[in-house]
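Enquirer: All chains should be modelled from the sequences, with the hints used to inform the complete structure.
Chains as they are written, first to last, in UniProt numbering: chain P, 1 to 487; chain H, 1 to 487.
Treat the hints with caution; some may be incorrect.
To be verified - Cβ pair distances, simulated, as ranges:
1) E415(P) x K127(H): 34 to 44 Å
2) G290(H) x R353(P): 41 to 51 Å
3) E318(H) x D352(P): 32 to 42 Å
4) S63(H) x E183(P): 54 to 64 Å
5) K127(H) x V423(P): 38 to 48 Å
6) P10(P) x D440(H): 27 to 37 Å
7) D140(H) x E50(P): 27 to 37 Å
8) D75(H) x Q212(P): 47 to 57 Å
Please keep in mind that the hints were generated in silico from the structure rather than gathered at the bench. Glycine included, every Cβ here is placed at the ideal spot set by N, Cα and C.
Protein chains: 2
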Amino acid sequence: MSATDKSPPPNQVFIGTFIHSKALDELEYLHNTAVFVHGSTGRIVAVEKECDHSRRLDETFNSLGWSPAEVKIYDLTTSRVGGEGEGEGGGGEARFFFPGFVDTHIHASQYPNAGIFGKSTLIEWLKTYTFPLEAGLGEDPAKARRVYARCVRRTLSHGTTAAAYYATVDVAATNLLVDICLEKGQRALVGRVCMDEPRTCPPWYRDESARQALARTAECVAHARRRDPAGGLVRPAVTPRFAPSCTPEAMRALGALAAREGLAVQTHVSENKGEIDLVREMFPVESGGGRGYAGVYDAFGLLAERTILAHAVHLSEEEAGLLRERGAKVSHCPCSNSAITSGAARVRWLLDRGIDVGLGTDVSGGYSPSVLEAARQASLVSRHVAMGGDDKAKLSVEEVLYLATRGGAKCLGLEGTVGAFEVGMEWDAQLISLGGVGEDGEGEDEGNVDVFGWESWDEMVAKWLFNGDDRNTRRVWVKGRLVHEKV
Amino acid sequence: MSATDKSPPPNQVFIGTFIHSKALDELEYLHNTAVFVHGSTGRIVAVEKECDHSRRLDETFNSLGWSPAEVKIYDLTTSRVGGEGEGEGGGGEARFFFPGFVDTHIHASQYPNAGIFGKSTLIEWLKTYTFPLEAGLGEDPAKARRVYARCVRRTLSHGTTAAAYYATVDVAATNLLVDICLEKGQRALVGRVCMDEPRTCPPWYRDESARQALARTAECVAHARRRDPAGGLVRPAVTPRFAPSCTPEAMRALGALAAREGLAVQTHVSENKGEIDLVREMFPVESGGGRGYAGVYDAFGLLAERTILAHAVHLSEEEAGLLRERGAKVSHCPCSNSAITSGAARVRWLLDRGIDVGLGTDVSGGYSPSVLEAARQASLVSRHVAMGGDDKAKLSVEEVLYLATRGGAKCLGLEGTVGAFEVGMEWDAQLISLGGVGEDGEGEDEGNVDVFGWESWDEMVAKWLFNGDDRNTRRVWVKGRLVHEKV
Numbered sequence: 001m002s003a004t005d006k007s008p009p010p011n012q013v014f015i016g017t018f019i020h021s022k023a024l025d026e027l028e029y030l031h032n033t034a035v036f037v038h039g040s041t042g043r044i045v046a047v048e049k050e051c052d053h054s055r056r057l058d059e060t061f062n063s064l065g066w067s068p069a070e071v072k073i074y075d076l077t078t079s080r081v082g083g084e085g086e087g088e089g090g091g092g093e094a095r096f097f098f099p100g101f102v103d104t105h106i107h108a109s110q111y112p113n114a115g116i117f118g119k120s121t122l123i124e125w126l127k128t129y130t131f132p133l134e135a136g137l138g139e140d141p142a143k144a145r146r147v148y149a150r151c152v153r154r155t156l157s158h159g160t161t162a163a164a165y166y167a168t169v170d171v172a173a174t175n176l177l178v179d180i181c182l183e184k185g186q187r188a189l190v191g192r193v194c195m196d197e198p199r200t201c202p203p204w205y206r207d208e209s210a211r212q213a214l215a216r217t218a219e220c221v222a223h224a225r226r227r228d229p230a231g232g233l234v235r236p237a238v239t240p241r242f243a244p245s246c247t248p249e250a251m252r253a254l255g256a257l258a259a260r261e262g263l264a265v266q267t268h269v270s271e272n273k274g275e276i277d278l279v280r281e282m283f284p285v286e287s288g289g290g291r292g293y294a295g296v297y298d299a300f301g302l303l304a305e306r307t308i309l310a311h312a313v314h315l316s317e318e319e320a321g322l323l324r325e326r327g328a329k330v331s332h333c334p335c336s337n338s339a340i341t342s343g344a345a346r347v348r349w350l351l352d353r354g355i356d357v358g359l360g361t362d363v364s365g366g367y368s369p370s371v372l373e374a375a376r377q378a379s380l381v382s383r384h385v386a387m388g389g390d391d392k393a394k395l396s397v398e399e400v401l402y403l404a405t406r407g408g409a410k411c412l413g414l415e416g417t418v419g420a421f422e423v424g425m426e427w428d429a430q431l432i433s434l435g436g437v438g439e440d441g442e443g444e445d446e447g448n449v450d451v452f453g454w455e456s457w458d459e460m461v462a463k464w465l466f467n468g469d470d471r472n473t474r475r476v477w478v479k480g481r482l483v484h485e486k487v
Numbered sequence: 001m002s003a004t005d006k007s008p009p010p011n012q013v014f015i016g017t018f019i020h021s022k023a024l025d026e027l028e029y030l031h032n033t034a035v036f037v038h039g040s041t042g043r044i045v046a047v048e049k050e051c052d053h054s055r056r057l058d059e060t061f062n063s064l065g066w067s068p069a070e071v072k073i074y075d076l077t078t079s080r081v082g083g084e085g086e087g088e089g090g091g092g093e094a095r096f097f098f099p100g101f102v103d104t105h106i107h108a109s110q111y112p113n114a115g116i117f118g119k120s121t122l123i124e125w126l127k128t129y130t131f132p133l134e135a136g137l138g139e140d141p142a143k144a145r146r147v148y149a150r151c152v153r154r155t156l157s158h159g160t161t162a163a164a165y166y167a168t169v170d171v172a173a174t175n176l177l178v179d180i181c182l183e184k185g186q187r188a189l190v191g192r193v194c195m196d197e198p199r200t201c202p203p204w205y206r207d208e209s210a211r212q213a214l215a216r217t218a219e220c221v222a223h224a225r226r227r228d229p230a231g232g233l234v235r236p237a238v239t240p241r242f243a244p245s246c247t248p249e250a251m252r253a254l255g256a257l258a259a260r261e262g263l264a265v266q267t268h269v270s271e272n273k274g275e276i277d278l279v280r281e282m283f284p285v286e287s288g289g290g291r292g293y294a295g296v297y298d299a300f301g302l303l304a305e306r307t308i309l310a311h312a313v314h315l316s317e318e319e320a321g322l323l324r325e326r327g328a329k330v331s332h333c334p335c336s337n338s339a340i341t342s343g344a345a346r347v348r349w350l351l352d353r354g355i356d357v358g359l360g361t362d363v364s365g366g367y368s369p370s371v372l373e374a375a376r377q378a379s380l381v382s383r384h385v386a387m388g389g390d391d392k393a394k395l396s397v398e399e400v401l402y403l404a405t406r407g408g409a410k411c412l413g414l415e416g417t418v419g420a421f422e423v424g425m426e427w428d429a430q431l432i433s434l435g436g437v438g439e440d441g442e443g444e445d446e447g448n449v450d451v452f453g454w455e456s457w458d459e460m461v462a463k464w465l466f467n468g469d470d471r472n473t474r475r476v477w478v479k480g481r482l483v484h485e486k487v
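Expert: Below, the structure written as structure tokens:
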């Protein structure tokens, strides 16, 4: 990994096949294409499609005012990237560039519990597995570093170029997560978790008052802005854990802070039926008159275009209308929703109502830090929704990959900045390599995707979605900088 | 891989932690244990639990009449298996022996389509994706070899030590699959697919008559018995594709053949609602009076203790009673049932009715050849069943791993032969290694399972179930013979 190399990368040109979402239900395949990335900004400054690049490269260098000798060229059409060290696959191997994944909901602090949830559901899961682990990171900075470093390293290796992280209640541990994202070069929203409601939060893991919740949040906002003043890579996010763990005072203050400072907001909504009952009980006025769980956030000024709501499994028609009106985004977390038996979110239903949706791994309610796994499970969960009778609920390969990239970018306020290969966007990308099968059925293992050579590009992408993993993600770049490399 | 080495392995002793199912809901952890495996039979001849093996090994060698110098020792407690070539993980790494997985339902011929299914459901999926691929293998032996070799190699690498395979209609291609299983050392049932019903099977891919269906099946049975007379590794299975693709004459003849020769039977039942309607329409008499889809097989003598029925998603109470009465087994295929929107099988409901259940990958209705993935999805799908209101439907980590091993063994008629580490059973096993996380959050990658060092064994197994893959399966043995090794 070269993320620690802080000098700006040179101007770069990437040549080969590029695949990205053109629309929700359409992947575009750009073959024999060259994408020119400006060094210090990481911005895509030119895209030459279906080009004879031997001739066109020089022309474009010329028009960009680049000196050819100083440009770094990654050409998938003439050589294996990575040189001699890599084995030769069989005849069918395929390589392409794909936009980096966006994880719209992940608790970095819960990473060590990935896969551990027993038969619990939300509230029991929080108390049994989650609060003790999160509290432990505040008490032990070395443990926090170990956990966060591993989490960021892992998500990068899975192709996550941008993530909306929850840290913990602790200020220092939250600030550390900001530092680690910058250190490793991952784009991120980072939020200190606010929770000050004594009726639901354990005494050993909460803010002592709404005032303290606000002050600590402000400290973390200041730290993130000090470390990345332009917010080009890491930005702070106002993060009330969820309505039941916050007092009205805290939520009102956080809503005002977010509005005043133009900050992103992230929280949870309508994940589990018991939780929804609890919200109705704790906030009878704010949730009354059909305003529901979402209405509680709205009452405290927390529902805006910059708000990411995780789950939204059991939203009512009225709540969906409210989200749409406010422009609030939904982070769909299928691995988590299935694992802790929250329900099957109706993504098609949300999309049909004009709500923007991205994918979240929701580690560790979700068992996997991989957005590709979240996309796979989004496909499967949509089929469980369809089994209920609505065949239109099924999400296609194209659709879940849209949610994993452009959809997620929109949730994080990065629309037009990342999520596709277009001039003006920044180079957040992954190089995907799928293994070929030799004539004898042998061939190098580059993960579990086996390309026989007769597949269409559509089919290869489907194979990647369903059997791919981090082994297929050979290189990852954020803002033009190489941040992960599979050796 | 040393499967090609046909000389019997030496006597072996395996020392370390062994984990296996003691009962449906209970994993047993045997630490500091030694398992003694007889060379030529691959049988476990002694298990010394919680032993001081430095002293006890010699005693046991003595009582077994083994010469210590000729015994191969795999000791996980003193050294890394595999020697110098392997990197050191962090502090938390864990290694243990686990029984090999049993895949109770997999179409080897469909392996190249793993992950490719679009938005189709069963009947459309068969016509669009499946029949053309299967037919192609009969026409091209080199292609058949390439596909089968890859499939067997892949399933071995995922820890599948025994599989119930469907080949194709073609005799030569089916026989080839038998040969490849023997060549690579995988335990298998192999069935030629019978399909002779002109109303539902394409003219370019079917048996021409019931008579031909029977004759071709007999050819394949004879081949398998010639190649493995004792059936110690590979046995033939009578395989009517499913009721709608077979004439009554063919099913009756196949049922008689299976009964006469004591052969295993494998087919599909009650996968998809459209299919169930079709069966009712095609077999009004046999399915009438509440006997249903299962009743059709019963009418033709195909429902017995040696019968493996894939899916069983929508069985009625009466059908479940019939299965129980006949002792027929169910192969639960969660990946497939979700992917092609068949439904969510009620595994708890089946188990409560006294029906034996194993797991099937059902490649390529299922997208993955990994039984670990099937176990993971069995857990998640059971939670979707629970969302319908029956909280008891949830399957635990212990339960899905039971289904993946002992449950599957029972389905394949291998109860008491494989599935656990008990004296008298054969050594079908995998060595699992989980990666440790270093103090700095770095550490070698042995797949996606990160062990921090504070986890309980239960938690490590849960982490393996939810984030493990073939990278964690470092070695695989069948009948004492090493058949896969991760380098």
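Enquirer: Which of the numbered hints are not met once you compare them with the structure shown?
Expert: none
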